[in-house]
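Please work from the sequences and hints to get the whole structure.
All letters in the sequence shown, in the order written, are residues 0 to 270 by numbering that gives the first Met the number 0.
Think of the hints as simulated: they come from the structure by calculation, not from any bench. For clarity, every value in this text was computed on a predicted model and none was experimentally measured. No residue lacks a Cβ here, since even glycine has one placed at the ideal position from N, Cα and C. One thing to keep in mind: the hints can contain errors.
[What the hints assert, rightly or not] Simulated crosslink set (DSS-like; lysine-lysine; CA at most 30 Å straight-line):
no.: 1; residue 1: 116; residue 2: 259
no.: 2; residue 1: 14; residue 2: 64
no.: 3; residue 1: 14; residue 2: 47
no.: 4; residue 1: 190; residue 2: 24
no.: 5; residue 1: 230; residue 2: 116
[As the list claims (entries may be wrong)] Derived Cβ-Cβ restraints for the label pairs, each shown as a range:
no.: 6; residue 1: 129; residue 2: 24; range: 19 to 29 Å
no.: 7; residue 1: 137; residue 2: 101; range: 50 to 60 Å
no.: 8; residue 1: 14; residue 2: 183; range: 26 to 36 Å
no.: 9; residue 1: 149; residue 2: 270; range: 24 to 34 Å
no.: 10; residue 1: 77; residue 2: 111; range: 11 to 21 Å
no.: 11; residue 1: 43; residue 2: 137; range: 35 to 45 Å
no.: 12; residue 1: 108; residue 2: 240; range: 25 to 35 Å
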Amino acid sequence: MRAKNNKNIMEDFMKQYIVDAFTDKVFAGNPAAVCILDQWLSDEIMQKIAIENNLSETAFAVREKENYRLRWFTPGGEVELCGHATLATAYVILRFIEPKAEKVCFDTLSGVLVVNKNGEMLTMDFPSFSLTPIAITAELISALGGVTPVEAYIGADIVCVLENEEQVRNVTPNQTIIRDLDGVCFHITAKGNAYDCVTRSFAPKCNVAEDSVCGRGHCHVIPLWSEKLGKTELTAYQASARGGELYCRYVGERTILSGKAVLFSEAEIYF
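Here is the structure:
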């Protein structure tokens, strides 16, 4: 859209929503900025908007026939999969754009992602990541601030299994070392006390020190905990400062992630 500013000069503007995902209250979960566009902006402008927002993700979506094309930008660049920003985008579309719809389908770099509305819950059908065990090296221990993991794996990201929930909550990771490790993100996880598993996620490669709630990460850890616990339906908690709850189901090549979302703000941005 275009409008005149107070100097009577034409400039572009659009509406942007900020949604807290995987929570039912503001100031919790993982905030994502959502922009529903009539047509694509340049990659340069979308990246600049993501940097200006300085959130872990800014999502851009354009309606293309029956589906929406969805792209995700971190302050450090575009990524191929993001859970909380998908949940946030679905929330915006199903509340404000197509309030009578019960589901929305997204075409993404990770294939077609379907989000269904079930009352206040949004349910996402995501790809599972296969994990391969890796050696527990001195570098890995240093990345964990001196904590030795019980097990370590790599898929698209690195996953370290720790002894208990307390270790997960108390780890002070070395972001510099994590940035140099393989994988896009770095997740630490353990069996939970009140939940089946607890997890924290770090993404310094994307200029995100700690992700408040990571759907992508749970596509790594839920297959692992499903096998360890002998169950396909699991409750999960992201033990970040903001915290977030996920209700998960493992179905082999797919991981089903459910959670709530809440609107924090809507505004016009000018560029």
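> Is the straight-line distance between the alpha-carbon of residue 116 and that of residue 259 30 Å or less?
Replying inline: Holds, at about 10 Å.
> At the C-beta level, are residue 108 and residue 240 separated by a distance inside 25 to 35 Å?
Replying inline: holds, 29 Å
>> Checking one constraint from the list: CA of residue 230 to CA of residue 116, max 30 Å. Satisfied?
In response: holds, 24 Å
>> Verify the CB-CB distance for residue 77 and residue 111 against the hinted window 11 to 21 Å.
In response: Given a distance of about 18 Å, which is inside 11 to 21 Å, the answer is holds.
> Do residue 43 and residue 137 keep their Cβ atoms within the hinted range of 35 to 45 Å?
Replying inline: At 41 Å between Cβs, range holds.
> residue 149 and residue 270, beta-carbon distance inside 24 to 34 Å?
Replying inline: violated, 48 Å
> Quick one: are residue 14 and residue 183 within 26 to 36 Å, going by C-beta?
Replying inline: holds, 30 Å
>> A range of 50 to 60 Å was offered for this pair. Does it hold for the Cβ distance of residue 137 and residue 101?
In response: For residue 137 and residue 101 the Cβ distance comes to about 51 Å; the hint holds.
> Is residue 14 close enough to residue 47, meaning Cα to Cα at most 30 Å?
Replying inline: Holds, at roughly 16 Å.
> Within a Cα-Cα threshold of 30 Å, do residue 190 and residue 24 meet the stated pairing?
Replying inline: holds, 25 Å
> Can the suggested window of 19 to 29 Å be confirmed for the beta-carbon pair residue 129 and residue 24?
Replying inline: violated, 35 Å
>> Given the hinted pair residue 14 and residue 64, is their Cα-Cα distance within 30 Å?
In response: Within the cut-off at roughly 22 Å; holds.
Checked against the numbered hints above, the structure breaks hints 6 and 9 and satisfies the rest.
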